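Participant: Quick mapping for you: the protein sequence lines, in order, are chains C and A.
Per the working numbering, the first sequence runs over residues 1 to 104.
Per the working numbering, the second sequence runs over residues 1 to 104.
One should not assume that every hint holds.
It does not matter which identical chain is meant; a pair holds if it fits inside one copy or across any two.
[To be verified] Calculated pairs, BS3-like style, for lysine-lysine (alpha carbon to alpha carbon, straight line, at most 27 angstroms): (1) 16 to 69; (2) 16 to 72; (3) 37 to 16; (4) 12 to 37; (5) 64 to 37; (6) 69 to 12; (7) 16 to 64; (8) 72 to 12.
Keep in mind the hints are simulated off the structure, nothing from the lab.
As the structure is a prediction and not an experimental result, all values here were calculated from the model.
There are 2 protein chains.
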Amino acid sequence: MGDNLFDAIDEKIHAKARLGIMSLLTVQGECDFGTLKQELQLTEGNLGNHIRVLENAGYIQVTKTFTGKRPKTLCSATELGIQAFRDYIEQLERIIRMTQLPKS
Amino acid sequence: MGDNLFDAIDEKIHAKARLGIMSLLTVQGECDFGTLKQELQLTEGNLGNHIRVLENAGYIQVTKTFTGKRPKTLCSATELGIQAFRDYIEQLERIIRMTQLPKS
Numbered sequence: 001m002g003d004n005l006f007d008a009i010d011e012k013i014h015a016k017a018r019l020g021i022m023s024l025l026t027v028q029g030e031c032d033f034g035t036l037k038q039e040l041q042l043t044e045g046n047l048g049n050h051i052r053v054l055e056n057a058g059y060i061q062v063t064k065t066f067t068g069k070r071p072k073t074l075c076s077a078t079e080l081g082i083q084a085f086r087d088y089i090e091q092l093e094r095i096i097r098m099t100q101l102p103k104s
Numbered sequence: 001m002g003d004n005l006f007d008a009i010d011e012k013i014h015a016k017a018r019l020g021i022m023s024l025l026t027v028q029g030e031c032d033f034g035t036l037k038q039e040l041q042l043t044e045g046n047l048g049n050h051i052r053v054l055e056n057a058g059y060i061q062v063t064k065t066f067t068g069k070r071p072k073t074l075c076s077a078t079e080l081g082i083q084a085f086r087d088y089i090e091q092l093e094r095i096i097r098m099t100q101l102p103k104s
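Produce the complete structure using the sequences and hints provided.
Facilitator: As structure tokens, then:
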């Protein structure tokens, strides 16, 4: 087993809520704050904190717009974020494969 | 997407170090403290804390033995732990499949 199989897991994505955000943004392209909040059943403050971590990492982009007069916060994954998410998923797949080896 | 796809991730296993411990115990059957420490590159205190979380969850069993006069701490996954780990891996696989759907 490689020494860094688990160490190489990207903590910025690994937290449950951030894994949820990155998964949704990867599948849906972009999401507004309200949709993320509802889909992931997070409080506003909690979601805001996780979004900030991902934004600071350069993994997502946050844009403030309006729908009519209602403000809307749109999130989308950046190229860096999409690549980091792909790497993260590959890392999980490596771990899953490792755990499915027969006992030696 | 199911509402609870991410919520259903078992936090007791999800933390990087504990995922490492459970993976190693699943693959190798049982491990002593020193091997876990070395393989996962954790400090003694850190490894001890994670082992306690897993032991309190009923996921692993910790046995103190001796090799000659040297004390040895052996860890092995319980049936509950093996099942919880299997469920955890299935949950990851569900998430991975979800992220690989084409955009709708």
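Participant: Does the structure break any of the earlier hints, and which numbers would those be?
Facilitator: Numbers 1, 6, in rising order.
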